[in-house]
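> Take a look at the letters that make up each chain.
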Amino acid sequence: MKLLTHNMLSSNIKGVTAGYPLLIEPQIITTTEVPINPNFLRHIFPKLDYSALVAAAKTLGFSDLPETAGVSDLEDEGFLKRFNHALLELKLEAGALVCPESGRRFMVSKGIPNMLLHEDEV
Amino acid sequence: MTTAATSFTITTPAATAISYNRGILFNQSSRSHLRSHHYLRTSTHRKLEHLFVGRRREGKTRAGSVGGESAGVVEMMEGRTTEELKKGIAELYDESSGVWEDIWGEHMHHGYYPQDGVVSLDDHRDAQIRMIEEALRFAGVSDDPNKRPRSIVDVGCGIGGSSRYLAKKYGASCQGITLSPVQAQRAQALADAQGLADRVRFQVADALAQPFPDGKFDLVWSMESGEHMPDKKKFVSELDRVAAPGATIIIVTWCHRDLSPSEETLRPEEKRLLDKICDSYYLPDWCSTTDYVKLLQSLSLQDIKSADWSQYVAPFWPAVIQSVFTWKGLTSLLRSGWKTIRGALVMPLMIEGYKKDLIKFAVITCRKPAS
Numbered sequence: 038m039k040l041l042t043h044n045m046l047s048s049n050i051k052g053v054t055a056g057y058p059l060l061i062e063p064q065i066i067t068t069t070e071v072p073i074n075p076n077f078l079r080h081i082f083p084k085l086d087y088s089a090l091v092a093a094a095k096t097l098g099f100s101d102l103p104e105t106a107g108v109s110d111l112e113d114e115g116f117l118k119r120f121n122h123a124l125l126e127l128k129l130e131a132g133a134l135v136c137p138e139s140g141r142r143f144m145v146s147k148g149i150p151n152m153l154l155h156e157d158e159v
Numbered sequence: 011m012t013t014a015a016t017s018f019t020i021t022t023p024a025a026t027a028i029s030y031n032r033g034i035l036f037n038q039s040s041r042s043h044l045r046s047h048h049y050l051r052t053s054t055h056r057k058l059e060h061l062f063v064g065r066r067r068e069g070k071t072r073a074g075s076v077g078g079e080s081a082g083v084v085e086m087m088e089g090r091t092t093e094e095l096k097k098g099i100a101e102l103y104d105e106s107s108g109v110w111e112d113i114w115g116e117h118m119h120h121g122y123y124p125q126d127g128v129v130s131l132d133d134h135r136d137a138q139i140r141m142i143e144e145a146l147r148f149a150g151v152s153d154d155p156n157k158r159p160r161s162i163v164d165v166g167c168g169i170g171g172s173s174r175y176l177a178k179k180y181g182a183s184c185q186g187i188t189l190s191p192v193q194a195q196r197a198q199a200l201a202d203a204q205g206l207a208d209r210v211r212f213q214v215a216d217a218l219a220q221p222f223p224d225g226k227f228d229l230v231w232s233m234e235s236g237e238h239m240p241d242k243k244k245f246v247s248e249l250d251r252v253a254a255p256g257a258t259i260i261i262v263t264w265c266h267r268d269l270s271p272s273e274e275t276l277r278p279e280e281k282r283l284l285d286k287i288c289d290s291y292y293l294p295d296w297c298s299t300t301d302y303v304k305l306l307q308s309l310s311l312q313d314i315k316s317a318d319w320s321q322y323v324a325p326f327w328p329a330v331i332q333s334v335f336t337w338k339g340l341t342s343l344l345r346s347g348w349k350t351i352r353g354a355l356v357m358p359l360m361i362e363g364y365k366k367d368l369i370k371f372a373v374i375t376c377r378k379p380a381s
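Chains H and R are the protein sequences, given in the same order. Here the working numbering is used: the first residue of the first sequence is 38, the next is one more, and so on. Here the working numbering is used: the first residue of the second sequence is 11, the next is one more, and so on.
The set of hints was computed from the structure by calculation and includes no laboratory data. Some hints could be false.
Covered by chain R, per the in silico footprint, the following chain H stretches (three or more residues, Cβ under 8 Å) [said to hold, decoys possible]:
hint : region
1    : 41-48
2    : 79-89
3    : 98-112
4    : 144-157
Listed below are the simulated EDC-like cross-link pairs for lysine to aspartate or glutamate, each with C-alpha atoms no more than 20 Å apart in a straight line [to be verified]:
hint : chain 1 : residue 1 : chain 2 : residue 2
5    : H       : Lys147    : H       : Glu158
6    : H       : Lys118    : H       : Asp101
7    : H       : Lys147    : R       : Asp216
8    : H       : Lys147    : H       : Glu114
9    : H       : Lys84     : R       : Asp224
10   : R       : Lys96     : H       : Asp157
11   : H       : Lys51     : R       : Asp318
12   : R       : Lys244    : H       : Glu158
13   : R       : Lys97     : H       : Asp157
We treat Cβ as the ideally placed atom computed from N, Cα and C, and that holds for glycine.
Turn these sequences into a full structure, and let the hints guide you.
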């Protein structure tokens, strides 16, 4: 699971109002090399919750992202590189995503999160 | 060979060798093989029918009716709980996706065929892509770089054919959800292999409880998954919830015909036909295109449009049946599992349903208000 995905996921368990962003309990983290596509990064930036990305990246061991960023940072090569790394190069192969409000854990295995809710959580 | 059902001619090298007259599985000699009521008259098929219809319990099943102003929940088929249904769906697709991909490729949906065309088996993949393009066109999704979707959700994504296609077309990111872990794995592997690992991602999740925060997606895509949803109202309201302001929602799905003003439900023989299909394909009760439109209206969505594309998908089921009766098709099927085989046995019923104007291939689209 890449952090681009993590940025889009939330816990919608019945009764939970603050299910985003999910906390991460990493077990196996991998890194792949992803060539920087500045257009894509600029395209996707407005859709992201940037602070959630920064926090998630830290959990996966990457603390080089600035705490805040704006559209102008997307012109800076250095930022793009770190942004690209956090968003697309880091990958959670195994571990769990945790609902920040209820503590419910969603398992991630082979890189794929299982977000299915149980009967009583819907 | 001309089928009774349509004006299409399906030509393949195998067409002459494989006669529809004698289905190896059905072992019946009626010439109008695509009319399944002829099947039903043979004792062999009656025995087969018991195998896959016998599961259903006593009592009537109710045809989908999202009635009145309540736009209420479509009733579940008696004998299957929602949990059983979801489990059945996951298992069906875990079991059958490999077979499908092997023979038909990465798109698990109908092709869109021009009328009165000559269709060869090779054209089907093109037709499946055309289906995606026609749906986008119908919904008016813009190609303009400033207006095209940036984030897409594929609800009921199969092995991700649409996800990958849409992500490539628009240079967007796409999230796909499916109940089947096997499909999610395969979808991701294909995305990774096609260099889309960075922006096309799949997870195991429930369309009725999508694991996304509100308003994330510019394009909300449901290609032939709506028919699996036991609660159409919840399904549609989730599509609405995850749609960003100004987003486009596109639903392509199987519906039953609209009821006339004097009708409360489908006719008994129509319900019986749908029930058999539902049993094998893990479908809950069907609803009509109008039911969907009413649901969208109740959520104050705009620019609601719907169309009946049944005439444009007519060659599909005959072609799928034909692909079963190839060596590859039969061996794959026999290796796959009982759920897949059951699904294959029921395919003629889909053709029957279309021919009787009972089953409709519907496209429904709308836009979420911008503010």
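> Against this structure, judge whether each hint is valid.
Hints and how they fare:
Restraint check on the region 41-48 of chain H versus chain R: 6 residues with Cβ-Cβ distances below 8 Å, three needed, restraint holds. Proximity of the region 79-89 of chain H to chain R, defined as three or more residues with a beta carbon under 8 Å from a beta carbon of that chain, is established by the 4 residues found. Counting residues of the region 98-112 of chain H whose CB falls under 8 Å from any CB of chain R gives 0; the rule of at least 3 is not met. Check on the region 144-157 of chain H: 9 of its residues sit with their Cβ under 8 Å from a Cβ of chain R, so the three-residue criterion for coverage holds.
The straight-line distance between the Cα atoms of Lys147 of chain H and Glu158 of chain H is roughly 25 Å, outside the 20 Å bound, and the hint therefore fails. The suggested pairing of Lys118 of chain H with Asp101 of chain H holds, with an alpha-carbon distance near 10 Å, which does not exceed 20 Å. Between Lys147 of chain H and Asp216 of chain R the alpha-carbon distance is near 19 Å, which keeps this suggested pair within the 20 Å criterion. For the suggested pair Lys147 of chain H and Glu114 of chain H, the alpha carbons sit about 32 Å apart, so the restraint of at most 20 Å is broken.
Distance hint between Lys84 of chain H and Asp224 of chain R is fulfilled; the C-alpha atoms sit about 12 Å from each other, no more than 20 Å. The hinted pair formed by Lys96 of chain R and Asp157 of chain H meets the criterion: a straight-line CA distance of about 15 Å does not exceed 20 Å. With a CA separation close to 36 Å, the supplied pair Lys51 of chain H and Asp318 of chain R exceeds the 20 Å bound. Distance check on the hinted pair: Lys244 of chain R and Glu158 of chain H sit about 15 Å apart at the alpha-carbon level, within 20 Å; holds.
As the CA atoms of Lys97 of chain R and Asp157 of chain H are separated by approximately 16 Å, the hinted pair is consistent with the 20 Å bound.
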